[in-house]
Amino acid sequence: MASDAQIIVNADTQIESLSQAQLRRIFTMRQRQWPNGLLIKVFVLPNQNALHQHFSKSQLNMFPYQLERLWNKLVYSGLSERPIEVYDEQQMLQVVAQTPGAIGYISVAENTSGVGVIKLAISEEGDDE
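Per the working numbering, the very first residue in the sequence shown carries number 16; after that it's consecutive.
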């Protein structure tokens, strides 16, 4: 299941594209709100899931264990909560469609009705890392 991951968001976010830097800030829990003020709810698949591993490496340029370590550090220091883990891509689609401000990812082959699909902007605009 090394198919490409596509980023999905709840329709209420009104976001159509993100830079890679913005995506990384969101999934590392450093960006907590959308530009419209809506709180971001991050959903992820389990660490051992092949799509999660592919997404982490290809979209975030991080290994899953690096993400896990970062999330634990944020939780234990009281700075943030960790993303919400879902069982599979079907559940991912369901919760992102039903949760205002939600973001997640599924494989390109999945049906995306009920959610918005985000295009990653090639520009590094906003890349302050």
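Calculated from the structure, these hints are not laboratory results. A portion of the hints provided could be inaccurate.
Below, a list of computed lysine to aspartate or glutamate pairs in the DMTMM-like style, where the Cα atoms sit at most 25 Å apart [claimed, not checked]: (1) Lys-56 <-> Asp-19; (2) Lys-72 <-> Glu-96; (3) Lys-88 <-> Asp-27; (4) Lys-72 <-> Glu-100; (5) Lys-72 <-> Glu-31; (6) Lys-88 <-> Glu-100; (7) Lys-88 <-> Asp-19; (8) Lys-88 <-> Glu-31; (9) Lys-134 <-> Asp-19; (10) Lys-72 <-> Asp-19; (11) Lys-134 <-> Asp-27; (12) Lys-56 <-> Asp-103; (13) Lys-134 <-> Glu-100; (14) Lys-72 <-> Glu-83; (15) Lys-134 <-> Asp-103; (16) Lys-56 <-> Glu-31; (17) Lys-56 <-> Asp-27; (18) Lys-72 <-> Asp-103; (19) Lys-56 <-> Glu-83.
Would the hint linking Lys-88 and Glu-100 be met if the CA-CA limit is 25 Å? holds, 17 Å
Checklist entry - Given the proposed pairing of Lys-72 with Glu-96, does the C-alpha separation stay at or below 25 Å? => result holds, 22 Å
* Straight-line alpha-carbon gap Lys-72 to Asp-103, limit 25 Å -> holds, 19 Å
Lys-56 paired with Asp-27 [C-alpha distance capped at 25 Å]: Holds, at about 12 Å.
### Message
Run the distance test for Lys-56 versus Asp-103: straight-line Cα separation, threshold 25 Å.
### Response
This hinted pair holds, its Cα atoms lying about 17 Å apart.
- [ ] Starting from Lys-134, check that the Cα of Glu-100 is at most 25 Å away, please.
- [x] holds, 23 Å
Would you check the hint for Lys-72 and Glu-100, treating anything up to 25 Å between C-alpha atoms as holding?
-> holds, 18 Å
25 Å limit on alpha-carbon distance, applied to hinted pair Lys-134 and Asp-103: Holds, because 22 Å separates the two Cα atoms, which is no more than 25 Å.
Given the hint that Lys-134 pairs with Asp-27, test it: the Cα-Cα distance must not exceed 25 Å. Holds: Lys-134 and Asp-27 sit about 16 Å apart, inside 25 Å.
Q: Starting from Lys-88, check that the Cα of Asp-27 is at most 25 Å away, please.
A: violated, 30 Å
> Is Lys-88 within 25 Å of Glu-31, Cα to Cα?
Replying inline: Since the Cα atoms of Lys-88 and Glu-31 sit roughly 31 Å apart, the hinted pair is violated (cutoff 25 Å).
Quick one, are Lys-56 and Asp-19 close enough, alpha carbons at most 25 Å? Answer holds: Lys-56 to Asp-19 is near 22 Å, not above 25 Å.
Hint violations for this structure: numbers 3, 7 and 8, all remaining hints satisfied.
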